[in-house]
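Chains as they are written, first to last, in my numbering: chain E, -17 to 341; chain G, -17 to 341.
For the record, the hints were derived by calculation from the structure and aren't laboratory data. The beta-carbon is built from N, C-alpha and C at its ideal position, and this holds for glycine as well. Please note: incorrect hints may appear among the correct ones.
Claimed, not checked - Far from chain G by the CB rule (all over 10 Å, computed), these chain E residues:
| no. | residue |
| --- | --- |
| 1 | 25 |
| 2 | 153 |
| 3 | 175 |
| 4 | 191 |
| 5 | 267 |
Said to hold, decoys possible - Listed next, with one range per pair, are the computed distances between beta-carbon atoms:
| no. | chain 1 | residue 1 | chain 2 | residue 2 | range |
| --- | --- | --- | --- | --- | --- |
| 6 | G | 262 | E | 218 | 53 to 59 Å |
| 7 | E | 72 | G | 290 | 20 to 26 Å |
| 8 | G | 308 | E | 155 | 50 to 56 Å |
There are 2 protein chains.
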Amino acid sequence: MGVRSINAGGYAVHIGAGLRHEFAARIAASAPAHTYAVITDDNVGPHYAAPLIDALGAHGTVSSHLVTAGEENKTRTSWARLTDELLDAGCARDTTVVALGGGVVGDLAGFVAATFMRGVPVVQCPTSLLAMIDASLGGKTGVDTHAGKNLVGAFHAPAAVLADVEVLATLPLEQRRSGLAEAIKHGIIADAAYLASIDERIDALVAGDAGATLDVVARSVEIKVTVVNADVRERGQRKTLNFGHTLGHAIEQATGYALLHGECVAIGMVLEAMLAERIGVAASGTVREITRILERAGLPTKYPATLSAADVLKATRHDKKTRAGTVEYALPMRVGAMAENNGAWSVAVGDADVRAVLV
Amino acid sequence: MGVRSINAGGYAVHIGAGLRHEFAARIAASAPAHTYAVITDDNVGPHYAAPLIDALGAHGTVSSHLVTAGEENKTRTSWARLTDELLDAGCARDTTVVALGGGVVGDLAGFVAATFMRGVPVVQCPTSLLAMIDASLGGKTGVDTHAGKNLVGAFHAPAAVLADVEVLATLPLEQRRSGLAEAIKHGIIADAAYLASIDERIDALVAGDAGATLDVVARSVEIKVTVVNADVRERGQRKTLNFGHTLGHAIEQATGYALLHGECVAIGMVLEAMLAERIGVAASGTVREITRILERAGLPTKYPATLSAADVLKATRHDKKTRAGTVEYALPMRVGAMAENNGAWSVAVGDADVRAVLV
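Bound-form chain E, shown alone (with noise of 0.2 Å):
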């Protein structure tokens, strides 16, 4: 199948089956450094560690750092731990990070590279298919507090991204659904012919297959960068990717990270998108469409019965995307269109819009 690669703007991400036994070399060559500081966590450690460290070690002194897998090891106190782990590893501005893990080990990592000396370059090697084509690419980084989710962290782009999606055939069958909510969001914010494609495909996407899923990072990594560069700092194109995200956090976070991050997106973009419809800016229809994809990947499109409108309303008090009181969503026009509303991309909605979408 060979190795795809695009030019992100800065740095480029390749995307392979069976890339991993190419990672230290291309590590080394887009961030040759005198130590690499390795970090994953405790699921993906055991599996790709050992060969990649071993691999490392004849371009530099390697250390390896493990975090406890899951969102609620995403905190500034792992942050801190794992910088005085560098710091005592003998890191110094010379230094490597390699992210090998998904979301939340890209993230943190990430945060540790962006603010260890003041910046030291961060190779992803993301290990999920949310990490291949969202969480990896663009450069945000951070932790959660106990007020939401990547409250605290920094922009901090790749030196690369380093993507084997065979990886992704040991990925529990979960994992991948909730990668595909990524990439069905892309779809529905850019592409209405690759929403078309992935839906055609569902059923070997959700299996793992290598083909259809290497034809699905590359095409979902294309339009994230391209999102992306448009508007680095996200005054304006680049909340379209939040679509999906102000009520998926705050669902997350609601349940207290109990759902994957994939299936709080796609219950999040039903419900965005019955916003849109709602308050006139969505194509009628557009809430059933997107359902339809979803429940096709064995995705959830209902919020919990445990949660209460006003659990979910009060999360959302801490999104970033909050300006001036109010809170703004990135909604969708039709499937594949967003609302640009002036360039602003978003649109502030009233809490009683969205309590009437959370009965």
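Given chain E's structure and the hints, the job is docking chain G onto it.
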């Protein structure tokens, strides 16, 4: 005396006597926001925070946040607490952070701003001479760890820097002397005539005379921003600003921050000049000239007898300027000019030579 405004490349530095009465209007003009979060310490706050908070109230919601004065509080713990306070106060992406205080407040508040929701604007209102001519400029923000100073941080340029030289008159004498160490450094690294002008007016400067101080702040700011803008990411020429700081930081750390930063830099400059003469980089007489002006400013020039050479050497190990196992020093050729060393602007020096000047 009027207001001197210096374009620092992307932001302006405004310096004046009595400028504090215009802080609120200038903050709102340079970084308009929905919420202003004023971060200050328990030395500066009681003198200057209340009028600023009152005046800012005309431009938005204001929250105020206090840190205990002192380098020992420039920690990740303080940073996390301030961040949580901002979240609790309802701060969001449309918040501007105001740093009202010396270098510790500026570095800490700057790091809070750099990492709050992945970055919100900060306006630096430095209240010490040191902060006016050094810490508030150039976008370096950060905190200390057990392993050393400023090991964790980010580059985050201020939206503006506002300096009122009148507030320096109420600073303790030793704080003004400490600030003069950095002004003297600027003369040594870039401008022998400026160094001579400091020498001529040293008594007025030590006394906190507003007119003399305004001239010094303006010229030091010019030198610092010129050097920083030539090399924002500190790959080359910016390293010259580290003159005196490699050993200065090591002494500061080894003494547990018992000495003021400028006192440590003064000692560091003498030691590093000795190093430069010893290895043949600096002209003979450089140490004598540097020592003489520092003594006239009432600054220490010898490292504390309580420290051993081994203590100081050990503390250089975690310096960010460490590369590939050796320690890099920015060294003078003579007063007014630094060693370029083929564009590196630093020289790798072995422990034996460092130990020889630490006798």
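Can you tell me whether the CB distance of residue 308 (chain G) to residue 155 (chain E) sits inside 50 to 56 Å?
holds, 52 Å
So is residue 175 (chain E) really clear of chain G, every C-beta pair being over 10 Å apart?
holds, 32 Å
Quick check: does the Cβ-Cβ distance between residue 262 (chain G) and residue 218 (chain E) fall within 53 to 59 Å?
Holds, at about 57 Å.
Determine whether the non-interface label on residue 267 (chain E) survives the test: each CB of chain G must be over 10 Å from its CB.
The claim stands: residue 267 (chain E) keeps its Cβ more than 10 Å from every Cβ of chain G (closest is about 33 Å).
Interface exclusion of residue 191 (chain E) relative to chain G, criterion Cβ beyond 10 Å
holds, 35 Å
Kindly confirm whether 20 to 26 Å is satisfied by the beta carbon distance between residue 72 (chain E) and residue 290 (chain G).
Roughly 22 Å apart at Cβ, these two residues keep to the hinted range, so it holds.
Can we confirm that no CB of chain G comes within 10 Å of the CB of residue 153 (chain E)?
holds, 28 Å
Against chain G, does residue 25 (chain E) keep a CB gap of more than 10 Å to every residue?
Non-interface label stands for residue 25 (chain E): nearest chain G Cβ at 26 Å, farther than 10 Å.
Hint compliance for this structure: no hint is broken.
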